[in-house]
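Colleague: Sequence:
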Amino acid sequence: MKTSKRILMLLLMISAVAACKKETRDKIKQAKQHISNTTTVVEKAKAAEEEMSELKDAVSLTNTDLKEWLPESLEGLKRTGFKVGAAGYMNVASIEGTFKSEENDKKIAIQIIDGAGKMGSVMIASLGFASKMNMEEEDENRHLQTVDVNGIKAQQTYLKKRNETKVQFVYKKRFGVIVEGLDMSPEETWELIDKLNLEELVDKTK
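Residue numbers (UniProt numbering): 1 to 206.
Quick caveat, the hints were computed from the structure, so don't treat them as lab data.
Treat each hint with caution, since some may be false.
Said to hold, decoys possible - So the derived label-pair ranges between C-beta atoms look like this:
(1) Thr62 - Lys172: 15 to 21 Å
(2) Asp203 - Glu137: 35 to 41 Å
(3) Lys195 - Met90: 26 to 32 Å
(4) His143 - Asn197: 27 to 33 Å
Said to hold, decoys possible - BS3-like cross-link-like pairs, simulated, lysine-lysine; straight-line CA separation at most 25 Å:
(5) Lys206 - Lys56
(6) Lys132 - Lys67
(7) Lys204 - Lys67
(8) Lys118 - Lys153
(9) Lys172 - Lys153
(10) Lys166 - Lys106
The beta carbon of each residue, even a glycine, is placed where N, CA and C say it ideally should be.
Construct all of the structure, not just a fragment, from the sequences and the given hints.
Modeller: What follows is the structure, encoded as structure tokens:
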């Protein structure tokens, strides 16, 4: 009987030691992950600061430049309106365009923000920082994630029940792009983004 008790006590001690070791390993693993995440945030913040420095002395595109770029239609969706210089009160060049299908409820809104200048560079740095972070969240209503489509890293939000997609990213470290597709899946939204001639905006800065 005494022998059985000793064996039982020994087994309990071994289990306790093993549990402590596992807990220690888990804590070490969590600490390493925290350090890694912190390092990533610091690195991306530093990169954003460098990009801001490059943009703050750049010359913004004019309202005319932006209007000339905005298409009249986009893959069958007709332009229903535009607004240029909405962010002008902050000395930031920008343009917004809305497009709608004549056959169904599909709509898309496109906003371009020029990152040139002091305020523009701050806005672009903020937008770029969000899209560069590797993250993902999902529940029954929404799926938010960082995606890489055709070499563009972006923050994408999909509202499942409403079938609405929002994509935001920085193009060529200069232009903030925010696209909202109504009655559109992420795939449909990206198909339209692919049709935007964003490279033409870059050419206008040269």
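Colleague: A separate judgement is required for each hint: does it hold in the structure or not?
Modeller: Going through the hints against the structure:
Against the hinted window of 15 to 21 Å, the Cβ-Cβ separation of Thr62 and Lys172 comes to about 19 Å, which satisfies the hint. Distance hint for Asp203 and Glu137: a CB-CB separation of about 37 Å, consistent with the stated range 35 to 41 Å. For the pair Lys195 and Met90, the supplied restraint of 26 to 32 Å holds, since their beta-carbon distance comes to about 29 Å. Range check, His143 to Asn197: about 29 Å between beta-carbon atoms, so the 27 to 33 Å window is met.
At most 25 Å may separate the alpha-carbon atoms for a hinted pair to count; Lys206 and Lys56 meet this at roughly 16 Å. Between Lys132 and Lys67 the alpha-carbon distance is near 29 Å, which puts this suggested pair outside the 25 Å criterion. Proposed proximity of Lys204 and Lys67 is supported: the alpha carbons are some 12 Å apart, at most 25 Å. With a C-alpha separation of about 24 Å, the suggested pair Lys118 and Lys153 falls inside the 25 Å cut-off, and the hint holds.
Simply put, Lys172 and Lys153 have alpha-carbon atoms about 11 Å apart, close enough for the 25 Å limit, and the pair holds. Taken as a hint, the Lys166 and Lys106 pair is honoured in the structure, with Cα atoms around 14 Å apart against an allowance of 25 Å.
Hint 6 alone, counting from the list given before, is not met by this structure.
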